[in-house]
Amino acid sequence: MPEINEGFAQLSEQLMLVAGLAYAVAFCAYAWDLVTFNQAVKKGLADQTASQTAVQHSESAVLAGVGARGTAGQDLGSGPQGRGVRPSSKTHGGPDGITAGDSMRYGKERRVVARVAVALTVVAAVVQGFAVLFRGLAAGRVPWGNMYEFCTTGSFVVAVVFLIVLTRRDLRFLGTFVIGLVLLMVVAASVSFWTPVGHLVPALQSYWLIIHVSIAVMSSAFFTITFAMSVLQLLQARREVSIASGKKDKALVMRLVPNALSLENLSYRINGIAFVGWTLTLMFGAIWAEKAWGRFWGWDTKEVWTFVIWVVYAGYLHARATKGWTGTRAAWLSIVGYLCVVFNFTIVNMYFSGLHSYAGVGS
Amino acid sequence: MKETVVEDPVGQEPKDKASKGKAAKGTAPKGGGSDAVLPQLGVLGMFRWAWRQLTSMRTALFLLLMLAVAAVPGSLFPQRPSAPSEVTQYLKDNPVSGPVMDWFKLFDVYSSPWFAAIYLLLFTSLVGCVLPRAKIHAKAMRSAPPRTPKRLSRLAEYGTVTIPAGSGVDAETAVRDAAVVLKSRRYRVDIRDLDTERPSVGAEIGFLKEVGNLIFHTAMIGVLAAIAFSGLFGYSGQRVLVEGETFVNTLASYDKFTPGANFAGNNLEPYSVQLDRLVVKYDRSTEAHYGQPLDFTATLTTKDGPEAEAKAQTLKVNDPVGIGGTNVYLVGNGYAPVITVKDGAGKVAFQGPVVTIPTDGAYTSLVVIKVPDAKPEQLGFVGFFLPTALVDEKGVAFGSDPDPFNPQLNLNAFTGDLGLDGGIPRNVYTLDTSKMTEINSRNLDAGGIVLGPDQSYTLPGNNGSISFDGIKRFAALDIRHDPGQVYVLVFALLALAGLMASLFMSRRRVWVRTGNHPDGRTMVEFGLLARGEDHRLAGEYVAINKALHAKWLVPMDTAGQNGEQGQSTTNDSAQGVAAASKDH
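Protein chains in written order, with the working numbering: chain C, 1 to 363; chain B, 1 to 584.
Just so you know, the hints here were simulated from the structure itself, not pulled from any lab data. C-beta: ideal position from N, C-alpha, C; glycine also. It is possible that part of the hints are untrue.
[Unchecked claim] Covered by chain B, per the in silico footprint, the following chain C stretches (three or more residues, Cβ under 8 Å):
(1) 137–151
(2) 202–215
(3) 304–314
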C-alpha cells in the first residue's frame with residue numbers, strides 16, 4: 001500500500017479552495033450576465049414604446065408555438081406523441097422574440113459577461129481538476145473513496161460535462177444553475193464532508209470501485225444538468241402560458257432561455273444517456289456486490305435507492321411517450337429523480353445504516 | 001413500451017377509455033334491462049376491457065412509479081432478511097405500532113404481497129404491451145417501406161437534385177441509382193411506380209431500434225425469471241471459523257443455512273476448508289485514520305473432497321474463494337479468546353476459543369460463556385473482551401485499539417440454571433440469567449473478573465476457576481451457491497444492449513421520386529421522415545443530399561438554383577421542387 005503523501009493532500013485542499021473561489025466568481029458572472037440581459041431587453045422594449053404591438057406579436061407567436069403541439073405530430077410521426085414540432089436541429093432563431101432559439105446554437109451577438117463567466121468556469125475546472133488529481137496522488141488511488149471525494153470529484157465532472165456541452169450548444173443560460181450547484185457541492189464537501197486523506201477500507205479495495213463509482217458520478221453529473229434544465233423548463237412553460245393568456249411578460253430574462261419544448265427535448269436526450277449510465281451503475285454495482293458480499297442484490301438501503309432512482313427515470317422515459325405525461329409532468333419526474341439522487345447521496349450515506357456506509361463523515 | 005408508434009394499440013385517447021369504463025360498469029349489473037342503449041360487454045368484454053386498461057401506457061407508467069414508491073419503506077425500516085435482530089429490537093421498542101407495521105409487511109417489504117402485486121401487474125402489463133408490438137414490428141420488418149407520400153415537401157427534411165440534360169440519366173435510372181445510394185447507406189429499399197411518369201423508391205432503416213426496445217422489455221422479464229430461478233435452486237449458509245478449525249460442507253456444520261425452495265440436502269459437495277490464519281492490518285501511518293482496518297487476509301487449506309489433495313488458498317474481502325460449485329466469502333472477523341473453566345470439583349468443564357461479537361471499531365467484543373457441564377451448579381459468564389484495554393478516570397476499562405496490545409477480559413459470573421435443558425433453542429450469544437445468581441460483578445463485594453493473558457481467577461463460593469489462555473481470531477464466512485445468477489447477468493446484458501439500441505438508434509424513412517423534365521433534365525426530389533424523436537435527421541439529410549449529388553456528379557452549390565429554374569418551367573405538380581431553397 002503506497003504511503004499517504006500529506007504534502008499533496010494539503011496542496012489538493014488549497015487548490016480546491018482556489019477552485020471554489022473561482023466558481024463563486026463565475027457564478028456571479030453568470031448571474032450578472034442574466035441581469036444585464038434583462039436590462040437590455042427592458043431598454044429595448046422601452047425604445048419600441050409600441051407595447052401594444054409587442055404584446056400582439058408575442059401572443060400570435062406563442063399561439064403558433066403552442067398550436068403546433070398536438071396537431072401535426074402524429075401524421076408526421078416525428079417528436080413525442082402529440083407533438084408537431086420537428087425535432088431536427090434547424091435554426092429557428094427564436095422567431096417569437098419571447099424565447100431564445102430552440103436550436104440552442106451560438107448566436108451572433110457577443111455577451112461579454114457570459115464569455116468571462118465561461119472563461120472563469122474553465123479556470124475553476126482546471127484548478128479543481130488538479131485538486132482532484134493531487135488528492136488521488138496523495139492517497140495513491142482513485143479519488144473517490146469517501147463522501148468528500150465523491151463530492152469534489154462529482155462536482156468537477158459536472159463542471160467538465162457542462163463545459164463539453166457548451167462547446168456544442170449555447171447553454172450559458174444554465175450557468176447560474178449548474179455552476180451554482182457545483183459551488184454548492186464544493187462548499188458542502190469542504191465544510192460538511194471533509195475527511196483527511198487516507199487508505200481505502202478493505203471493502204472498497206477493488207477495481208470495481210473505479211468502474212462502479214466513476215459511472216455513478218458521471219451519470220449523476222448528467223442528471224444534475226437535466227435537473228437544472230427541467231426547472232427552467234417548468235418556469236418557461238409557466239411563462240409561455242401566462243404570456244399566451246395576454247399577461248405581461250414579467251421575467252424578461254427568460255427570453256435568454258429556449259422555449260420549454262426544446263428544453264424538454266434536449267434534457268430528454270441527456271437523460272437518455274444518463275439513464276444508460278445509471279443502468280450500468282446498477283449492473284456493475286450488482287456484480288461488485290456479488291464479489292464482495294456473495295449476493296448480487298440484497299435490498300441494502302443504497303441498493304434500494306439506486307433502484308428507486310432507476311425506476312423513476314425509467315418512468316420519465318416512458319412518460320415522454322404517454323399522453324398527458326409529456327412536458328410539465330415529465331419535467332417533474334426528472335426533478336423528482338434528481339432529488340432521489342441527492343437523497344441517496346446525502347441522507348442515505350449519512351443517516352441510514354447499510355453495507356454502503358463508507359461516508360467517512362464524523363469518523 | 002418505450003416510445004409510442006403510430007400503430008401502437010395501447011396509445012389510446014384517455015377519454016375513449018373512460019367512456020368505455022363507464023359502459024362496462026353501467027351494463028354489468030343491470031343485465032341489459034335498462035333503457036340506455038349501451039353495448040353489452042359480457043364476461044369476455046369485461047376481460048378485454050380490463051386487459052386493455054392494464055396494458056395501457058398510463059397504467060404501466062403508474063405501476064412503474066408505484067414500484068419506486070413501494071420500494072422506499074424497505075430502506076426506512078429494518079428488513080428481516082438482512083437485519084432480523086434489528087426487526088426484533090424495533091418490535092420491542094414499538095409494542096403498539098410495531099405489530100401493525102408487521103401486519104402490513106413493512107419488515108418484509110420485498111417479499112410482501114403488495115410489493116409482489118405491483119411488480120407482477122407491471123410485468124403483466126409489460127407482456128401485454130410487448131406481444132402486440134412484437135407482432136406489429138415483425139410485420140413491419142417483412143413488408144416493404146410504406147408508399148411514397150404525394151407531397152414529399154411536407155416531410156421533416158426535403159431536398160432536390162436536378163440532373164442536367166444530356167447526362168444520360170433518365171427518371172428510371174435515377175430512381176435505381178438512388179436505390180443503390182440508399183442501399184449502400186444500409187437502408188431497405190423498394191422501387192415502385194417504374195411504369196409511371198413519377199417512379200420512386202421508398203427506403204427504411206432502423207428496425208433495430210424497436211427490436212432493441214422489445215429485447216429490453218423481454219430481457220427484464222428474463223431478469224425477473226432468473227432471479228426467481230436462483231431463489232429456487234440456490235442456497236446460502238454462514239459459518240464462523242476460528243483459526244485452526246475446519247469446516248466440512250455438510251448441513252450439520254453450518255451455523256445458519258438458508259436453502260432455496262427446491263434445494264435437496266444431498267447435493268452439497270463434501271469439500272473442506274480449514275482456517276489456518278487470519279491476518280488483519282490496521283492503518284498506523286496516518287494520524288487521521290489511525291487504527292482503521294487496511295487489510296483482512298485469511299489463509300486457508302482447502303480440500304475438494306475427503307480424499308482430495310490439500311490446497312493452500314488466500315481469502316480476502318472482495319476476493320472470494322470458489323470451491324465445489326460454491327463461493328466462500330470473508331464477511332466478518334473478530335477475536336476468540338481461549339478460555340478454560342474448571343468447576344468446583346476441579347474438573348475442566350470447558351476449554352477452547354470463545355467467539356466474541358465485536359461492537360465497535362476498537363473491537364470491544366461481547367463475550368458470553370456457558371458452562372453447562374460445571375458441577376455442582378452450571379456456570380455462566382458475560383462481559384467484554386478488549387484487545388487494548390485502557391482505564392478511564394472512573395476506573396472503567398474501555399477498548400482503545402483493535403490490535404491486541406493489552407488484551408483484557410472483563411466478566412461477570414453467574415451460577416444456577418442456564419436454561420439449556422428444556423430443549424428450547426437458545427442464542428449462544430445471550431445469557432438468560434433469570435434462573436441464575438450473580439456471584440461476580442462490579443456491584444458485588446467479590447467484584448468483577450478482570451483477566452489478562454495467562455491469568456486465572458478463582459470464583460467465590462467453591463465454584464471453580466476461569467483462566468484466559470490465549471487469543472485466536474475468527475473469520476465469519478458466507479458460503480453461497482447461486483446457479484441462477486449467471487442467467488440474471490445474461491438477461492441484464494441483453495437488456496442493456498436493447499436499451500442502448502432503443503435509445504440511441506433512429507428509425508427513418510426516405511423517399512426519392514424522379515421525373516423527366518420536358519427540357520431533358522431529370523428532376524429528383526427526396527424527403528426524410530423520422531419515427532420518434534431524431535435529432536440527427538438533419539445530419540442524415542445532409543449526407544444523403546451529398547451522396548445523391550456525388551452519384552450523378554451534380555455540383556452541390558448549384559443544386560438550389562437548378563431547382564428554382566426547374567419549377568418555373570415544369571407544368572405538372574413537381575411537388576414543391578421550388579422549396580429547394582432550404583436553409584441547409
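Q | Hints violated by the structure (numbers, ascending) | A | Result: hint 1 breaks, nothing else.
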